[in-house]
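Trainee: Sequence:
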Amino acid sequence: MIAERINVLPDSQIQTTGINALKNALGVTGTLKFLEQFDNGGAGDYTQEKYIEEDTRPNKEEIMNMFR
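Residue numbering for the sequence shown follows the numbering used here, starting at 1 and increasing by one per position.
Just so you know, these hints were derived from the structure itself, not from any lab.
The model shown is predicted, which means the values in this text are computed figures rather than measured ones.
By construction, the Cβ of each residue, glycine as well, lies at the ideal position given by its N, Cα and C atoms.
Possibly wrong hints are sitting among the right ones.
[Unchecked claim] Label-pair restraints from in silico Cβ distances:
#	residue 1	residue 2	range
1	Q13	F67	45 to 53 Å
2	F38	Q13	19 to 27 Å
3	K23	E49	31 to 39 Å
4	F67	A43	34 to 42 Å
5	D45	G18	39 to 47 Å
6	I63	A21	46 to 54 Å
7	Y46	G18	20 to 28 Å
When you get a sec, could you build the whole thing from the sequences and use the hints?
Mentor: Structure below.
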């Protein structure tokens, strides 16, 4: 198998190894601060944004007009 030859690790092992590397390099507090940088803190209204995005999709008639 190709994955075995190039030593690809499973995602769970990559995550565990990465978290451990961060803890070793930054300590627990530093690791938490680092990971917080990638979290938007729940900003925005996902439900509202989801429906806004759906409303911008072309309907069947608009799609047919694109290909005429």
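Trainee: All hints, please: hold or fail.
Mentor: Evaluated hints:
1. For the pair Q13 and F67, the supplied restraint of 45 to 53 Å holds, since their beta-carbon distance comes to about 47 Å.
2. The given range of 19 to 27 Å is respected by F38 and Q13, whose C-beta atoms sit roughly 20 Å from each other.
3. Between K23 and E49 the beta carbons are some 34 Å apart, a value that agrees with the proposed interval 31 to 39 Å.
4. Hint check: F67 to A43, Cβ distance near 38 Å, so the stated range 34 to 42 Å holds.
5. For D45 and G18, the Cβ-Cβ distance of about 31 Å falls outside the hinted range of 39 to 47 Å, so the restraint is violated.
6. The supplied range of 46 to 54 Å is met by I63 and A21, whose beta-carbon atoms lie about 48 Å from each other.
7. The hint said 20 to 28 Å for the Cβ distance between Y46 and G18, and at roughly 27 Å that hint holds.
Hint check: a violation occurs at hint 5 only; the rest are consistent with the structure.
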